[in-house]
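Q: Line by line, the protein sequences are chains A and B.
Using our numbering, read the first sequence as starting at 104 and increasing by one per residue.
Using our numbering, read the second sequence as starting at 15 and increasing by one per residue.
A hint or two may mislead.
What the hints assert, rightly or not - Taking lysine-lysine and the BS3-like style, the derived pairs with C-alpha atoms no more than 30 Å apart in a straight line are: (1) 17(B) x 83(B); (2) 160(A) x 83(B); (3) 17(B) x 160(A).
To be verified - A short list of chain A residues far from chain B (calculated; beta carbon distances all over 12 Å): (4) 122; (5) 123; (6) 125; (7) 145; (8) 170; (9) 178; (10) 218.
In short, the hints are calculated from the structure, not lab data.
Every residue, glycine too, gets a C-beta built ideally from N, C-alpha and C.
Now for the letters of each chain:
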Amino acid sequence: AAGVIQSPRHLIKEKRETATLKCYPIPRHDTVYWYQQGPGQDPQFLISFYEKMQSDKGSIPDRFSAQQFSDYHSELNMSSLELGDSALYFCASSYPRGPMNTEAFFGQGTRLTVV
Amino acid sequence: DAKTTQPPSMDCAEGRAANLPCNHSTISGNEYVYWYRQIHSQGPQYIIHGLKNNETNEMASLIITEDRKSSTLILPHATLRDTAVYYCIVRVANTGNQFYFGTGTSLTVIP
Chain A
104 AAGVIQSPRH
114 LIKEKRETAT
124 LKCYPIPRHD
134 TVYWYQQGPG
144 QDPQFLISFY
154 EKMQSDKGSI
164 PDRFSAQQFS
174 DYHSELNMSS
184 LELGDSALYF
194 CASSYPRGPM
204 NTEAFFGQGT
214 RLTVV
Chain B
15 DAKTTQPPSM
25 DCAEGRAANL
35 PCNHSTISGN
45 EYVYWYRQIH
55 SQGPQYIIHG
65 LKNNETNEMA
75 SLIITEDRKS
85 STLILPHATL
95 RDTAVYYCIV
105 RVANTGNQFY
115 FGTGTSLTVI
125 P
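One chain only, chain A, in its complex shape (with noise of 0.2 Å):
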């Protein structure tokens, strides 16, 4: 079964450059869920989306900016990239019909690491 695909899987970037993470959720899914996680730590929730609209926003720094696209995927933007951006970068999708089928399924991630 087709799973949520994310790219690039691995970015090195230096400081003060930009980057785009890419995401490309489950057909039919269009709600989309970018997560960041720091070395031992837990999963942290940047943003989301809902048929092209913000749906909830975390603790996502005003550096990042976010849009889902007609064809449902999703892109992070994340500019003048400091040192502590260096994470695994989670994106997931759902298709929140029912409530008995509203789990959303995760990438594999995006490890960027910031030099």
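Keeping the supplied structure of chain A fixed, place chain B upon it in accordance with the hints.
A: Showing chain B alone in chain A's frame:
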């Protein structure tokens, strides 16, 4: 803020049932209980979720107390591949609201 409380770590012998508890005493009537697990640096994996009835699938069983203030995830026959951090999450279904990952329980399955 965390809506759930889980023990930080547990051990389980291989082949035995692993019973992972979760307290969610402030759960609202429209919030479901979800369980996810994360094997080192992989994306969190969905296990099961439920509202008030016990649920079972091919991976696990979910037992929710009648007052819904706590639940237990049961892995019936733990294997070494079940070693992971297990997260209990309460959340309103049918929304794009976040899945809030607290600190979870680090389960180690021992040979």
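Q: Against this structure, judge whether each hint is valid.
A: To see whether the hints hold, each was checked on the structure:
no. : hint           : in the structure
1   : 17(B) x 83(B)  : 11 Å, holds
2   : 160(A) x 83(B) : 27 Å, holds
3   : 17(B) x 160(A) : 17 Å, holds
4   : 122            : 19 Å, holds
5   : 123            : 19 Å, holds
6   : 125            : 15 Å, holds
7   : 145            : 5 Å, violated
8   : 170            : 14 Å, holds
9   : 178            : 17 Å, holds
10  : 218            : 19 Å, holds
The earlier numbered hint that this structure contradicts is number 7, and it is the only one.
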